[in-house]
Amino acid sequence: MAGIIARFKEISKIDRTVANEVRRSLVDTLFISPASLAAGALSGAALSISIAWASNDPWLQMLAAAITLCGLTRIAHASLFQPKMQRDSMESTRSEVVYELGAWAYSFLLGMLTFATLVRTDNAVYQLMAGTITTGYAAGICGRNAGRPAIAIGQLTLASAPFTIGLILTANPLLWILGVVNCLFMIGMVDITLQTYSSILKAMSATQEQKRLTARFERLARFDTMTGLENRGAFQERLEEELADAIATGDKLAVLWVDLDKFKEINDSLGHPTGDRVLCTMARHLASIAEGRGAVARFGGDEFVMLARGRSTRFVQDLAKEVMRSLSVPMSIDGVSLQVTGSVGGAIGPDHGTEADVLLQHADMALYHAKANGRNDFYLFEESMEHQFLELRNLEAALRGAIEREELQVHYQPIIDLKTGKVSSCEALLRWTHPELGPISPAKFIPIAESTGLIAPISHWVLAQACEAAAQWPDDVSVAVNMSPALLKDIHLSHMILSALYTSGLPAERLELEVTESVLLEDNVQANSLIREFQKIGLKLSIDDFGTGYSSLAYLKKYRFDKIKIDTSFIADVTRSKEARAIINALVGLADELDMEIVAEGIETETQLGYVMGARCTAAQGFFIGRPAPGDAILRRLTAQANGATWLRDDLSSPNEAMLRIA
2 MAGIIARFKE ISKIDRTVAN EVRRSLVDTL FISPASLAAG ALSGAALSIS
52 IAWASNDPWL QMLAAAITLC GLTRIAHASL FQPKMQRDSM ESTRSEVVYE
102 LGAWAYSFLL GMLTFATLVR TDNAVYQLMA GTITTGYAAG ICGRNAGRPA
152 IAIGQLTLAS APFTIGLILT ANPLLWILGV VNCLFMIGMV DITLQTYSSI
202 LKAMSATQEQ KRLTARFERL ARFDTMTGLE NRGAFQERLE EELADAIATG
252 DKLAVLWVDL DKFKEINDSL GHPTGDRVLC TMARHLASIA EGRGAVARFG
302 GDEFVMLARG RSTRFVQDLA KEVMRSLSVP MSIDGVSLQV TGSVGGAIGP
352 DHGTEADVLL QHADMALYHA KANGRNDFYL FEESMEHQFL ELRNLEAALR
402 GAIEREELQV HYQPIIDLKT GKVSSCEALL RWTHPELGPI SPAKFIPIAE
452 STGLIAPISH WVLAQACEAA AQWPDDVSVA VNMSPALLKD IHLSHMILSA
502 LYTSGLPAER LELEVTESVL LEDNVQANSL IREFQKIGLK LSIDDFGTGY
552 SSLAYLKKYR FDKIKIDTSF IADVTRSKEA RAIINALVGL ADELDMEIVA
602 EGIETETQLG YVMGARCTAA QGFFIGRPAP GDAILRRLTA QANGATWLRD
652 DLSSPNEAML RIA
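Numbering (my numbering), first residue to last: 2 to 664.
Since the hints were made in silico from the structure, they are not lab data. Honestly, I wouldn't trust all of these hints.
To be verified - Computed beta-carbon distance windows for the label pairs: (1) Gly-302 - Asp-477: 41 to 51 Å; (2) Arg-533 - Ser-442: 30 to 40 Å; (3) Glu-605 - Arg-401: 30 to 40 Å; (4) Gln-196 - Ala-249: 31 to 41 Å; (5) Lys-559 - Leu-339: 14 to 24 Å; (6) Glu-605 - Val-359: 43 to 53 Å.
Keep in mind that this is a model prediction, so the values were computed, not measured. A virtual CB, placed ideally from N, CA and C, is assigned to each residue, including glycine.
Please model the entire structure based on the sequences and the hints provided.
Here it is in structure tokens:
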């Protein structure tokens with residue numbers, strides 16, 4: 002008995018902690034079969050009425066009437082509950098309480114009917130009828146309502162206890178024995194109820210967990226876990242349905258492909274948690290725009306795709322403007338103010354495609370065009386983009402294996418010291434000769450390398466080649482390598498440079514890194530940190546394309562550069578623009594005051610060379626001085642220079658390698 006009580010307490014404690022879904026399922030078992038409840042209630046009513054009518058006892062008649070009324074009420078409640086299987090926890094609790102009160106009242110009335118029959122009549126038939134219905138009810142209820150053990154045990158007790166007391170109060174010793182047996186029966190039925198409940202609870206918990214896992218996996222298969230937006234697969238299904246419907250109704254379906262500009266910089270400089278919060282914020286903005294007129298999905302990384310229905314192509318432009326505005330709204334993440342921009346490519350169905358895959362591909366092409374034309378803009382798909390897109394994709398595919406196929410070469414363009422007339426440095430310039438397309442302009446393939454992440458392995462290879470070549474040159478000649486803005490945000494750049502220096506044996510002071518002014522103007526934390534690190538290990542630093550930015554002087558104060566390279570645009574205008582001449586003179590004076598060398602880029606005529614020499618530039622570079630040449634040609638001329646030779650135009654193996662003698 003003590004064990005049963007302990008188990009009941011334990012089960013009661015467990016019952017209070019079960020999940021709401023499981024609790025609702027357990028409550029449902031009370032109402033799962035209204036037919037069985039009706040059969041029991043009608044049987045009880047029939048027998049109690051029979052006993053009351055035959056005995057003509059007023060107390061038994063009142064009990065019979067109460068049993069009948071209570072039974073009918075319970076049948077009605079169970080029938081009304083049946084359609085309400087989906088409900089909240091509060092309604093479930095309310096239904097359970099109503100059932101509990103009705104069940105206990107009915108059980109107590111049956112028990113009192115049996116008690117009254119035993120003490121108020123001597124008719125064995127009446128007593129047998131009353132005892133049979135009570136015992137049968139008690140036995141059946143423990144199995145039927147075991148899902149709610151407190152209710153079942155309450156019913157068992159309220160029905161059997163009066164019956165047992167009635168047996169003991171009689172003068173018949175045999176009935177006393179029956180009373181004791183009935184007590185044992187009650188204990189056994191309580192034990193059966195608790196065991197049945199444990200089995201039901203385990204089964205339902207397992208079923209509920211299976212349902213939860215199934216729902217979770219279904220959600221994972223269709224939704225992005227971080228932003229809560231639909232994923233690519235779910236979105237494509239939706240797009241197919243929406244496109245088919247738009248074609249049928251004559252509507253226009255806009256598909257906008259959104260890509261956050263330079264998102265990798267946020268991850269690299271502020272960390273991935275900050276980047277994730279930026280993505281979630283953007284997801285909320287886009288979802289707000291799409292609400293009520295379309296849908297938005299995250300396709301992975303920092304890419305989102307939106308669809309919306311409209312009646313004309315005009316709404317696509319308006320929608321894109323709204324998206325661009327939402328992307329440009331400043332946000333604050335962990336106290337850091339961020340200004341994020343995005344590029345958007347759009348396509349309209351069915352104008353630009355009657356299939357979902359084609360429409361997405363065309364939106365992607367428009368996005369690619371937006372990114373290639375400066376980012377932070379919207380482009381709508383045009384037929385001409387398809388050819389450009391395929392051309393760029395083919396170039397990207399070819400570029401991925403260009404190093405292994407030995408299609409890339411490093412050429413070197415001399416930089417002349419205008420005081421000595423000798424080469425003081427050579428700039429490493431990357432060249433790519435495609436086996437079918439021929440020479441490909443760096444202006445075309447470098448942006449592809451930067452946008453695809455290929456710039457890192459290519460730059461590593463260029464650094465290694467340049468350092469290896471420079472290690473064979475005279476000790477007074479350095480090599481200059483231009484650092485891509487994208488590469489300056491790579492945390493592995495320092496290791497890349499040190500590896501190239503160590504492998505080649507080139508001293509750090511003979512490696513010159515050229516950074517564009519635009520990198521400094523971005524004030525990128527990672528880039529600024531790398532520049533300071535380069536200075537610590539002894540590398541020379543120069544600003545390339547100087548004069549094209551907006552706040553250069555601030556960075557001349559912030560960093561200690563060794564050289565300033567005047568942008569080609571100023572040199573080209575030197576003969577016809579007094580403004581260009583004034584700027585060159587001012588830059589020369591500035592460099593002189595800061596004890597920095599100043600290099601004139603883009604020297605293409607003797608007049609330009611004469612001017613920059615007269616303006617006291619310290620060095621010059623350009624086609625008039627020397628075109629970029631392969632490493633072996635440069636080595637031959639530098640070796641000749643070390644032996645006292647001069648730079649003669651007709652000394653070199655190719656017109657493209659022509660050098661100017663400065664006397």
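To see whether the hints hold, each was checked on the structure:
1. Gly-302 - Asp-477: 41 to 51 Å: This hint holds: roughly 48 Å between Cβ atoms.
2. Arg-533 - Ser-442: 30 to 40 Å: With a Cβ separation near 33 Å, Arg-533 and Ser-442 satisfy 30 to 40 Å, so the hint holds.
3. Glu-605 - Arg-401: 30 to 40 Å: Given range 30 to 40 Å: holds, Cβ gap about 35 Å.
4. Gln-196 - Ala-249: 31 to 41 Å: 60 Å, violated
5. Lys-559 - Leu-339: 14 to 24 Å: 22 Å, holds
6. Glu-605 - Val-359: 43 to 53 Å: 48 Å, holds
Checked against the numbered hints above, the structure violates only hint 4.
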